[in-house]
Every structure is written in structure tokens, then in C-alpha cells.
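Protein sequences appear in the order of chains A, B, C and D.
Following this note's numbering from start to finish, the first sequence increments by one per residue and tops out at 127.
Following this note's numbering from start to finish, the second sequence increments by one per residue and tops out at 127.
Following this note's numbering from start to finish, the third sequence increments by one per residue and tops out at 127.
Following this note's numbering from start to finish, the fourth sequence increments by one per residue and tops out at 127.
Quick caveat, the hints were computed from the structure, so don't treat them as lab data.
Each hint should be verified, as a subset may be incorrect.
You can't tell identical chains apart in this list, so a pair holds if it fits in one copy or across any two.
Said to hold, decoys possible - Below are the DMTMM-like pairs computed for lysine to aspartate or glutamate, each with C-alpha atoms no more than 25 Å apart in a straight line:
1. LYS8 to ASP52
2. LYS9 to ASP52
3. LYS77 to ASP52
Number of protein chains: 4
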Amino acid sequence: MIGKKTWIIPDGFLQPKSTGEEVSHEAVCVLNLGDQGADIRLTFYFEDREPMDRFLSTCGAQRTHHIRLDKLKDETGSSVPMGVPYAIKVDSSVPVVVQHSRLDTSQEALALFTTMAFPVTEE
Amino acid sequence: MIGKKTWIIPDGFLQPKSTGEEVSHEAVCVLNLGDQGADIRLTFYFEDREPMDRFLSTCGAQRTHHIRLDKLKDETGSSVPMGVPYAIKVDSSVPVVVQHSRLDTSQEALALFTTMAFPVTEE
Amino acid sequence: MIGKKTWIIPDGFLQPKSTGEEVSHEAVCVLNLGDQGADIRLTFYFEDREPMDRFLSTCGAQRTHHIRLDKLKDETGSSVPMGVPYAIKVDSSVPVVVQHSRLDTSQEALALFTTMAFPVTEE
Amino acid sequence: MIGKKTWIIPDGFLQPKSTGEEVSHEAVCVLNLGDQGADIRLTFYFEDREPMDRFLSTCGAQRTHHIRLDKLKDETGSSVPMGVPYAIKVDSSVPVVVQHSRLDTSQEALALFTTMAFPVTEE
Numbered sequence: 005m006i007g008k009k010t011w012i013i014p015d016g017f018l019q020p021k022s023t024g025e026e027v028s029h030e031a032v033c034v035l036n037l038g039d040q041g042a043d044i045r046l047t048f049y050f051e052d053r054e055p056m057d058r059f060l061s062t063c064g065a066q067r068t069h070h071i072r073l074d075k076l077k078d079e080t081g082s083s084v085p086m087g088v089p090y091a092i093k094v095d096s097s098v099p100v101v102v103q104h105s106r107l108d109t110s111q112e113a114l115a116l117f118t119t120m121a122f123p124v125t126e127e
Numbered sequence: 005m006i007g008k009k010t011w012i013i014p015d016g017f018l019q020p021k022s023t024g025e026e027v028s029h030e031a032v033c034v035l036n037l038g039d040q041g042a043d044i045r046l047t048f049y050f051e052d053r054e055p056m057d058r059f060l061s062t063c064g065a066q067r068t069h070h071i072r073l074d075k076l077k078d079e080t081g082s083s084v085p086m087g088v089p090y091a092i093k094v095d096s097s098v099p100v101v102v103q104h105s106r107l108d109t110s111q112e113a114l115a116l117f118t119t120m121a122f123p124v125t126e127e
Numbered sequence: 005m006i007g008k009k010t011w012i013i014p015d016g017f018l019q020p021k022s023t024g025e026e027v028s029h030e031a032v033c034v035l036n037l038g039d040q041g042a043d044i045r046l047t048f049y050f051e052d053r054e055p056m057d058r059f060l061s062t063c064g065a066q067r068t069h070h071i072r073l074d075k076l077k078d079e080t081g082s083s084v085p086m087g088v089p090y091a092i093k094v095d096s097s098v099p100v101v102v103q104h105s106r107l108d109t110s111q112e113a114l115a116l117f118t119t120m121a122f123p124v125t126e127e
Numbered sequence: 005m006i007g008k009k010t011w012i013i014p015d016g017f018l019q020p021k022s023t024g025e026e027v028s029h030e031a032v033c034v035l036n037l038g039d040q041g042a043d044i045r046l047t048f049y050f051e052d053r054e055p056m057d058r059f060l061s062t063c064g065a066q067r068t069h070h071i072r073l074d075k076l077k078d079e080t081g082s083s084v085p086m087g088v089p090y091a092i093k094v095d096s097s098v099p100v101v102v103q104h105s106r107l108d109t110s111q112e113a114l115a116l117f118t119t120m121a122f123p124v125t126e127e
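Chain A extracted, bound-state conformation:
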């Protein structure tokens, strides 16, 4: 089984401003190399309020899912708040590999960043 069930991303931020054709956004990119679909839960942590832990998603077997955080809704219909710092914990029902990327078009040209999420080793 390739990957881990839990991954951590400390630097999250949804840029509220966009220019040009591309909308500023972040994506949690999941690859599921197993033979069962992955049930995914994303928990968002903030600087000054309680975590939001009811964001659910999926990733099929032998599929990738680039989960757009600007489009994600939780079970109550809430969105990820824009313009505030957050961090993310990704929990999956089966091992997956997780990478996190940001696209920022708040100024005239777009900017990108990416990193592998931090894998949590079961102990």
C-alpha cells in the first residue's frame, strides 16, 4: 500500500482577489494507488477560532482528485473562509499521497507554489 492515511499542510490561505482569467485558489491533490476508493476528511485549523472538521471528499481507486478548496463545502454548506490563515489535516480511509498547491492571481501575473504535504507515520 503506497502512501499514508494522514497528511498535514500548515500553510493554507485562500486569496480573495483574482485578476485575469484564472481564479486564485488552492488545491489538495490526492493520488489513490490502491484498489478501494478513499473517503477523505479535511479539517481546517485557524489562528483564533475552533477547527472546522466536516469537509468530506473522495478519491476513487487508481484515480487522482485535485480537491479545489475554494469550491469545497462542508456538511452544513459552509465554505473554507477566504483571506485568513489556516492549516489543513487530511485523513483518508486508505493510504494516499497528498500534495498542496496555491495559485495566486491577485496581482497582474499569476504566482504558484507547491509542496508535498507532511506524512504522518502511524506509531
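Got chain A sorted already, so can you dock chains B, C and D onto it with the hints?
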């Protein structure tokens, strides 16, 4: 032997638009520090279709190869599809080290990102 | 307990110039998934002078803190110097996960980069 | 002892073009947390020619060194070639931590990327 035989990259995307002199592209950058050439297979995973697993490449001993994904063809002559999210598994016949980078020139100035691929430990 | 108590970031630099609405800066992004608050000490290393080791911060339990390095003051009121290369060691009283990001607006459009910090394993 | 003696960076490239005030470059950023100075050797690997292995540098104890690859000369006075893909192996006499970053100003606004180098575990 330095490196691993399997590496994972969840966030792949070939930007179809380019401006200026540089063409938007991604590269899978391989370093082979061994004394035998590496036979490399790239498998591409998608959100809504079966994986494409017939992309082959090589990297000589004591050589690097920055494999341009916008130029790669599989055994049937197919290219990596542009404008859709994908993920990549890189398998090598010998241990190598793999990094993945994207250059996006869809807006007026270029943007870059990079990360080490996720190494798979044989168990 | 998820994370490590010590993290390393070799490439630090505070860009003194900014254009547009965003100020060039770096952030050390911490996520504390434990049930106790984290006391954090940042040590800055330079190319040609002694380290500065009296920068303190915190991160609450189940909270993130994106520590802005351009705003940080040490116990003597000193700031992180701008326009010179530095490296950072982050020490926490409890395990945390650390990512480092830079925003550079010195030219007409902003640029971003990020990476997970390097985790130090206790031995 | 924090860090490793060998680090790998598969994606190297010195952009020959620059615009504005910043010169396109790459830096190998080293942090030496030990109490002895580090003697550093950089080996450059190419796609179609033999490696260049005579680039030497240093990093003092409790110091960082952001080694500018566009300024580095080897023992014979040769520079790192511009405009061609390469990969880098960094060997240090003592454990260090290594990060690699690129600044590209070939178009109107600068672009940045960074990643931790891949640490080689002694076996």
C-alpha cells in the same frame, strides 16, 4: 545505491496556454547516480478515466534527464493530455532521485513551482 | 503526537522592496495538533555574524500560527534583518508541523515559494 | 548532529536571461548547526556529458551559506554552464541541511521556486 525505484507526484497539470518566449510545461527531473542506465516508466492517473501507463523514458548512469511532459509520447504515439488534472507514478529499473517542476506562462509573466516527488519505500 | 519539536529552514531572506498592495514577507507556518499550547523559539543564522536566538512566539493547541518574520521582534526589540541571507531553526516545547513560505513583490507581480521545513528526528 | 552529509537536487537550471534589477540565479542554501566548519563539494550532472565535480565551497560552524550557482567557479576556473539542464549532488564533511531555490527574471516579473534537497541516509 542512492534514491528509490518508485516516486509519486499527485499534482500534475499541463497548462495549454503560453505567452512570451517560454512554453508552459512540466518536467519530471531524474538523477541516476548508479553505474547502470535507468529504464523509466511513467504512469498518469486522472480524475475520471483509466490510467495511461505506456510512457517510457531513460536516464543514463551518472546522468540527469529532465523529462519534458509536454513533449512525451507513449508507445502508441499518444501525448499527455493538456488542461486536465493528473497525477504521476515514476518507476525506474534502478534507484534514482525524482523532482517535479511546472512552468506556467499563461499570464504575462511566468510562474514556477517545484517539489521533490514522494519516495516509495520498498517493504 | 503528530510532528517534531525541531525544524530547519536553510533559505531565509526578507526582501526589502515591495510593490502594489502586498508587502514582501516570509512566514513560518506552524500547526499544533496537540492539546497543550506550544512555546516556540526561532533562531536565525547568518553568513557572517553570530546567530540571533531570542525570538519567541506561541501556537495554541488545535491552532495554527503563520508567524510573519517581517513583523517579529526579539526580547530586546530587534527585528529580523532585511536584505541578507539567513537560515532558521524552529524549536517548540511540543511536537508541531512547520512549513516556510516567501512572498516577493519586489517586481511588478508577486512571486511565491514554499516548502516543508526539514524535521529533526530525536535520537 | 543535525542533518546529513549528502543531499540531492535533480532539477537545476541557470536561466541565461534576466530583466529588471534582479539577476536570474540559483542558490544551494546550507545550514551548518555543528561546531566545526563544513567543507562542501558540489558535483553537477548533465544530460549528455560527464559530470563536473570540482566545485568547492564552505560553511562555517553555526552559519548559513547561500551558495550562488551563477557565481561559483571550480578549481579550474570553470563556471556552471547556463541554459542547460543539470542536477546537483552536495557532499559535506559534516552534517548540514540543504535547500535549493531558483529565481527567474527572464520575463517581466520574477518567479521563485524552492524545495528541500533530498537527504541521503548513510547505510
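Hints, verified against the model:
In this assembly of identical chains, LYS8 and ASP52 lie within 25 Å of each other by CA distance solely across copies; the values are 23 Å between and 29 Å within a copy. In this homomeric assembly, LYS9 and ASP52 come within 25 Å of each other (Cα to Cα) only across copies, at 22 Å, whereas the closest approach inside a single copy is 27 Å. Taking the closest pair of Cα atoms, LYS77 and ASP52 come within 25 Å of each other both inside a single copy (21 Å) and across two copies (21 Å).
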